[in-house]
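Protein chains: 2
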Amino acid sequence: MGSTQARIAVDAMGGDFAPGEIVAGALRAQAELGVEVLLVGDPEQIKAVMKQHNTSLQLEIVPAEGIIEMHEEPLSGIRRKPKASINVAMDLVKQGRADAVVSAGHSGAAMASALLRLGRIKGIDRPAIGTVLPTMDANKSVLILDVGANVDCRPKFLEQFAVMGNVYSQYVLGVDQPKVGLLNIGEESSKGNDLALRTYELLEQNSSLTFIGNAEGRDVLSGRFDVIVCDGFVGNVLLKFAEAVGEILLQILREELPRGWRGRLGAMLLKPNLRRIKQRVDHAEHGGGLLLGVDGICIISHGSSQAPSVFNAIRLAKEAVDHDVLDRIRSQYQKIQAAATNEE
Amino acid sequence: MGSTQARIAVDAMGGDFAPGEIVAGALRAQAELGVEVLLVGDPEQIKAVMKQHNTSLQLEIVPAEGIIEMHEEPLSGIRRKPKASINVAMDLVKQGRADAVVSAGHSGAAMASALLRLGRIKGIDRPAIGTVLPTMDANKSVLILDVGANVDCRPKFLEQFAVMGNVYSQYVLGVDQPKVGLLNIGEESSKGNDLALRTYELLEQNSSLTFIGNAEGRDVLSGRFDVIVCDGFVGNVLLKFAEAVGEILLQILREELPRGWRGRLGAMLLKPNLRRIKQRVDHAEHGGGLLLGVDGICIISHGSSQAPSVFNAIRLAKEAVDHDVLDRIRSQYQKIQAAATNEE
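Chains V and B, in that order, are what the protein sequence lines are. Quick note: the first sequence uses the numbering used here, first residue 64, plus one each step. Quick note: the second sequence uses the numbering used here, first residue 64, plus one each step.
Bound-form chain V, shown alone (with noise of 0.2 angstroms):
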């Protein structure tokens, strides 16, 4: 795939603000990234969006009927609309006419879609959601891991999602040797629940790791780990916790800065510099969730995820995309697997 252009099919129907936005992110999309985008959903709705953005950009529209609904149970939803745009979509990546999917639309669908239709990776109990989170330090970022996809996990689920996440970091985001954390409540190895205590061990004897030990709430964004394992249930609250505190701490900014003469011309005169605060602070610029162990490559964006965000997932993919990321997670995967199914 590495030389001809990655094809993304790009759920046009899934999210608070489709097919709007999620049409307008895929058209810049295909017109700077160098990317084929696939648009699937509901062809008129599409033609509509389409026609007020007066492009000449010709993206292909593959038909499919609905939407699982937020409300609706992911499984079912799946099962019961085999013609919903996440799965028709899904199903392009199965059929070899698309490399990755993209979507903003329920996430458990995706998830239940992904793994009925293309199913996991040979080795892998359980897919996880990895996401990239800025760090204090400007050049270096963090992939967290599980964000959501597993709430109860066993620690060959972690250590899995360690060895994806090894990987990912890797060959996409490009660290050498990637410093690999376990998250948790102390910094030594005897402290944690029953989950952390036994997971530490597995990394600890994971020879294909590069594991350097326990990482701290404090340490998630200290740029100290490229990456840091937890179940998706914390990895979940702490990830929600973390997108909202970048806006609040902007609303703060918001109401404190200009107050007074000298504020409001203090505020004035940085406008430049909070914008560069704004960017590096705001979840919106950096992208949505890899889906990491099955067989495809998924990014599942936000709900709320409006042009910018669907641009940036298109990114993601197409990054994933190139640098082979399946193929690496399957071999070294193989590799590693003898010693890590001895473990538990």
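Where hints are given, some of them may not hold.
What the hints assert, rightly or not - Derived lysine-lysine pairs resembling BS3-like cross-links, with alpha carbons at most 30 angstroms apart:
id : chain 1 : residue 1 : chain 2 : residue 2
1  : B       : 341       : V       : 303
2  : B       : 242       : V       : 303
3  : V       : 185       : V       : 146
4  : V       : 254       : B       : 110
5  : V       : 303       : B       : 185
The hints are simulated quantities; they were obtained by calculation from the structure and are not laboratory data.
Given the coordinates of chain V, assemble chain B onto it according to the supplied hints.
Then chain B, alone, in the frame of chain V:
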């Protein structure tokens, strides 16, 4: 206790900056808060610090020998060193010579000492550490518990945390009808890990609580909830993350604001406003954690506490004493205990 001065036993030897910063905070508290502070520790060292402050205040010094070191296993340390400062401080409460304990030392040791020497309130299986965080709404705070005492929890523990947090929010924080939430990964009652799903049912059925449902990570600081319960693993990760994020934001501001001449001028004009932002974000302003469920009032402060944090921790202790939080929990708990114990 209401009308007489609260007597607070302060572990003068516990913490990274003990005894210097501890004694400094204690002196200020005694001067400003109308409390009587008992300094527990090595008399020589405490007197040396007092001398530096050149004060006319007479703080009682209660001699103790040694501390539980950070690397020591809490329970065995507590047992091996009966005269350690944390033990002597707890004994003062046990003997009725003090109303509360404040310590910035080994938090596990403080918990173990409280459990062994003061015991649990009848009906409470596990004490929890509660901490109060500021929210987006400048007039509202949120009490989160547990933030580290219990890494593996059962549903009824979390229900007990909710009952204790409810009492604390009502009587100490002055919230009329505290809105209680369960930290979870989605709004719907069907979301969550096994612990969350089972806890949801208990909270929903508990008629002594105003349970308003699940709180996602993004809701924690929204101001919508007065009390949020979670297991001590998630709570600890979240708290340490929240503390670090505040510092990170302040650092980004320091890095980005003064760039360029406009930036330097603007930042100069904004100095007073930036100070107010620091106050809203900085955790040191918000005191320590309260150990709820033991039969005595104990404030567990950060190991890195300096004088302002120690002062705030003593104020927190005074408030808990003045509002009879122990008696409130005891009686409230007796009332609902019958209902609570039926659930599991």
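These are the hints, each one checked on the structure:
1. With a C-alpha separation of about 23 angstroms, the suggested pair residue 341 of chain B and residue 303 of chain V falls inside the 30 angstroms cut-off, and the hint holds.
2. Restraint check: the Cα-Cα separation between residue 242 of chain B and residue 303 of chain V comes to about 20 angstroms, which is no more than 30 angstroms; the hinted pair holds.
3. Restraint check for residue 185 of chain V and residue 146 of chain V: the C-alpha separation of about 27 angstroms stays at or below 30 angstroms, so the hint holds.
4. Taking the CA atoms of residue 254 of chain V and residue 110 of chain B, the gap is about 36 angstroms. The hint is violated against a cut of 30 angstroms.
5. Using a Cα cut-off of 30 angstroms, the hinted pair residue 303 of chain V and residue 185 of chain B is violated, with the two alpha carbons roughly 37 angstroms apart.
The structure shown violates the earlier hints numbered 4, 5.
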